[in-house]
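Chemist: Each chain, letter by letter, is given below.
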Amino acid sequence: MLTLNSATVAFSAPGGPLVRAVDGVSFTLPAGTFAVMIGTNGSGKSTLQGSVAGTVRLDSGSVQLAGHDITRWSEHARARLVGRVFQDPRAGTAASLSVLENLAVAACRGRPAGLGWATSASLRSLAAERLGSIAPGLEDRLDQQIGSLSGGQRQIVALVMATWHRPELLLLDEHTAALDPAAADRVVQATARLIREQNLTALMVTHSLKQAASLGDRLLLMHRGRLALDVAGAAKRRLSADDLASRFDRLRASDQLDDTAARTLTELYV
Amino acid sequence: MITLLSTWTFGLALGFVALGVFVSYRLFSFPDITTDGSFTLGAVVATVLLVAGVDPLLATLGGMAAGAVAGSCTGMLHALLGIEPLLSGILLTTALASINLVVLGRSNVPLSGVPTLFDRGEKLLLPLARGLGFAETDAGEAARLGCMLLLAALAVLLLYIFFRTRLGTAMRAGGDTPSMARALGRNTGLLTIAGLAIANSLTALSGALVAQYQGFVDVQMGIGMVVWGMASVFLGAALVGPVRLGGALIGTLAGSVTFRLLVAAALRAGLHPDWLKFTTAAVVLAALVAPRFLVRRPQSQSIR
Ligand SMILES: Nc1ncnc2c1ncn2[C@@H]1O[C@H](COP(=O)(O)OP(=O)(O)OP(=O)(O)O)[C@@H](O)[C@H]1O
Ligand SMILES: [Mg+2]
Numbered sequence: 013m014l015t016l017n018s019a020t021v022a023f024s025a026p027g028g029p030l031v032r033a034v035d036g037v038s039f040t041l042p043a044g045t046f047a048v049m050i051g052t053n054g055s056g057k058s059t060l061q062g063s064v065a066g067t068v069r070l071d072s073g074s075v076q077l078a079g080h081d082i083t084r085w086s087e088h089a090r091a092r093l094v095g096r097v098f099q100d101p102r103a104g105t106a107a108s109l110s111v112l113e114n115l116a117v118a119a120c121r122g123r124p125a126g127l128g129w130a131t132s133a134s135l136r137s138l139a140a141e142r143l144g145s146i147a148p149g150l151e152d153r154l155d156q157q158i159g160s161l162s163g164g165q166r167q168i169v170a171l172v173m174a175t176w177h178r179p180e181l182l183l184l185d186e187h188t189a190a191l192d193p194a195a196a197d198r199v200v201q202a203t204a205r206l207i208r209e210q211n212l213t214a215l216m217v218t219h220s221l222k223q224a225a226s227l228g229d230r231l232l233l234m235h236r237g238r239l240a241l242d243v244a245g246a247a248k249r250r251l252s253a254d255d256l257a258s259r260f261d262r263l264r265a266s267d268q269l270d271d272t273a274a275r276t277l278t279e280l281y282v
Numbered sequence: 357m358i359t360l361l362s363t364w365t366f367g368l369a370l371g372f373v374a375l376g377v378f379v380s381y382r383l384f385s386f387p388d389i390t391t392d393g394s395f396t397l398g399a400v401v402a403t404v405l406l407v408a409g410v411d412p413l414l415a416t417l418g419g420m421a422a423g424a425v426a427g428s429c430t431g432m433l434h435a436l437l438g439i440e441p442l443l444s445g446i447l448l449t450t451a452l453a454s455i456n457l458v459v460l461g462r463s464n465v466p467l468s469g470v471p472t473l474f475d476r477g478e479k480l481l482l483p484l485a486r487g488l489g490f491a492e493t494d495a496g497e498a499a500r501l502g503c504m505l506l507l508a509a510l511a512v513l514l515l516y517i518f519f520r521t522r523l524g525t526a527m528r529a530g531g532d533t534p535s536m537a538r539a540l541g542r543n544t545g546l547l548t549i550a551g552l553a554i555a556n557s558l559t560a561l562s563g564a565l566v567a568q569y570q571g572f573v574d575v576q577m578g579i580g581m582v583v584w585g586m587a588s589v590f591l592g593a594a595l596v597g598p599v600r601l602g603g604a605l606i607g608t609l610a611g612s613v614t615f616r617l618l619v620a621a622a623l624r625a626g627l628h629p630d631w632l633k634f635t636t637a638a639v640v641l642a643a644l645v646a647p648r649f650l651v652r653r654p655q656s657q658s659i660r
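Chains A and B supply the protein sequences, listed in that same order.
FYI, the numbering for the first sequence is 13 to 282, going by this note's numbering.
FYI, the numbering for the second sequence is 357 to 660, going by this note's numbering.
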């Protein structure tokens, strides 16, 4: 279970105004929730994820995960509980290491590395099994440098890495944005399957309306650092692209969104 | 014959600097100027211990340990205080210049009459050298070379094994892509500190070996070592091509020996020794720039 309490992050770039990238956000994701988060550029989605992953410090408020108050934990300490896949495949995998060596590092997530042989036979067979079941063919490329795989293949390995040990929370920040549509589709399917099979709690940021409408059991809309919309349960399952459009209209009417933002959202997602 | 053998021995001794630079620069992308200071530090500490009557093996290990401390200091300046890699190394090397002078007591000390690691190795390997058919005049030098070959092989083997363990693999991952290592729970600051400790212990080992081999230590002997190491790493990479860890380590040693042989040939052909460091710098510059002209690749990939 993930809980944010009045989480606030403000940035003041030199010469610029103070930007409240995350402005007093509170919500709870019960264990097993697959939440999809949308919002315009600069609405604070990545900052919010960063404040959960530990790359961004909260100015005020707190973050609780799986019974721990992790507000002051370092990024690498939080990795014991959190699995992450980045937007850029190059940020989440070490290009000069082989696929198997990348998985070996993932297999040490949240535990002392130790001086055992990294690419043991048992790891190799487990890696072949897990990669092969999610992306047939990849299991034959364990000894290849991961930098020589395509972006989509790298993201699938990154997914397997993030979930090698079941994380208390899986964070995905536009992890299909750098891929062509076909590869993005494969990665999304792999994502949905891993989340379902391991019954993971997940928070996925996306700019794709298709993904937002079809995936997950909760929809969060960020706008100007706040949660402008939070739909769960049956309402989320019924939610279609058209519904999203009318939701945006209603938000605009209630003046929570200004006109340009609502137009951008409608263009982006509908 | 003797000069050829001793060129090989010297090239291998300096090969440990190349291995150190391989670890800091290739694995961690950290251009580590500490190399210049820790080379001298290793030589100075080993010499002082030898003169005090310490066993040569222990004295050499003592030099190595001092290098490891210097490397971790640089790592701490960078990882804990956020100082840039180049500046961290410059600060450490500047500080070490004083430390080296104070520890040694004066600017150079001869090692005559003190038993060194090579005297011991020579005694051990002399029968083998004679057995291999080396003339009596060459056998001693051949035995020293054999001794150096054994040490180099041991170093490459240990480095290979270490960097294929889980900890070593995590270190390589942290050097390659820090964001990935942190997301998987590794403290990349600590990994960098440890990596620089390993790199500088290798460099200091080189200094300790060179001092014992040439029979004296001079506080200036480390100047330009980081560039020498880079030249060897680049030359080694060009020799062996794109290979895995093991091949790259062996290539680095081969690069050092090859570079030493080239230098010897250039000196024999009439290059004035004063121009040596200039030549080394020119070689590194060429190696840094050449990939941009030879292959059309995105710039971010041109070096690594
Ligand atoms: N390190 C930083 N320094 C200053 N301002 C920042 C920093 N990081 C983010 N911001 C600002 O915070 C706001 C939120 O940025 P954030 O990256 O969280 O948006 P996002 O919703 O992820 O956008 P996108 O859809 O483009 O990824 C933006 O106004 C951005 O300019
Ligand atoms: Mg973002």
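Quick caveat, the hints were computed from the structure, so don't treat them as lab data.
Some hints here could point you the wrong way.
Not the full set, but computed from the structure, chain A residues with beta-carbon under 8 Å of chain B [unchecked claim]:
id, residue
1, Ala-78
2, Asp-81
3, Arg-84
4, Trp-85
5, His-88
6, Ala-91
7, Leu-109
8, Ala-116
9, Arg-121
10, Ala-125
11, Ala-130
12, Ala-133
13, Ala-202
14, Ala-204
Stretches of chain B that chain A covers, calculated by requiring three or more beta carbons in the stretch to come under 8 Å of a beta carbon on chain A [claimed, not checked]:
id, segment
15, 472-485
16, 519-529
17, 577-583
Glycine included, every Cβ here is placed at the ideal spot set by N, Cα and C.
Chemist: If a hint holds in the structure, say so; if it does not, say that too.
Modeler: For each hint, the structure was consulted:
Taken as an interface hint, Ala-78 (chain A) does not check out: its beta carbon lies about 15 Å from the nearest beta carbon of chain B, beyond 8 Å. Because the closest C-beta pair between Asp-81 (chain A) and chain B is about 19 Å apart, greater than 8 Å, the hint is violated. Because the beta carbon of Arg-84 (chain A) sits about 16 Å from the nearest beta carbon in chain B, more than 8 Å, this interface hint is broken. About 11 Å separates the beta-carbon of Trp-85 (chain A) from the nearest beta-carbon of chain B, more than 8 Å, and the hint is not met.
Taking 8 Å as the C-beta cut-off, the interface hint given for His-88 (chain A) holds, the closest approach to chain B being about 5 Å. Because the closest C-beta pair between Ala-91 (chain A) and chain B is about 4 Å apart, less than 8 Å, the hint holds. Interface hint status for Leu-109 (chain A): upheld, as the beta-carbon distance to the closest one in chain B is roughly 6 Å, under 8 Å. Hint status for Ala-116 (chain A) relative to chain B: holds, with the closest Cβ pair at about 5 Å, below 8 Å.
Taking 8 Å as the C-beta cut-off, the interface hint given for Arg-121 (chain A) holds, the closest approach to chain B being about 5 Å. Interface hint status for Ala-125 (chain A): upheld, as the beta-carbon distance to the closest one in chain B is roughly 4 Å, under 8 Å. Taking 8 Å as the C-beta contact cut-off toward chain B, the hint placing Ala-130 (chain A) at the interface holds, the least distance being around 4 Å. Here the hint on Ala-133 (chain A) is broken, as its CB sits about 14 Å from the closest CB of chain B, past 8 Å.
With a least beta-carbon distance of about 18 Å to chain B, the hint placing Ala-202 (chain A) at the interface is violated under the 8 Å criterion. Annotation: Ala-204 (chain A) was flagged as interfacial toward chain B, and the flag is violated, the nearest CB pair being 21 Å apart, outside 8 Å. Proximity of the segment 472-485 of chain B to chain A, defined as three or more residues with a beta carbon under 8 Å from a beta carbon of that chain, is not established by the 0 residues found. With 9 residues carrying a beta carbon less than 8 Å from a beta carbon of chain A, the segment 519-529 of chain B meets the three-residue requirement, and the given coverage holds.
Interface restraint, the segment 577-583 of chain B with chain A: violated (0 residues with C-beta to C-beta distance below 8 Å; minimum three).
The structure is inconsistent with the numbered hints 1, 2, 3, 4, 12, 13, 14, 15, 17, although it conforms to all the rest.
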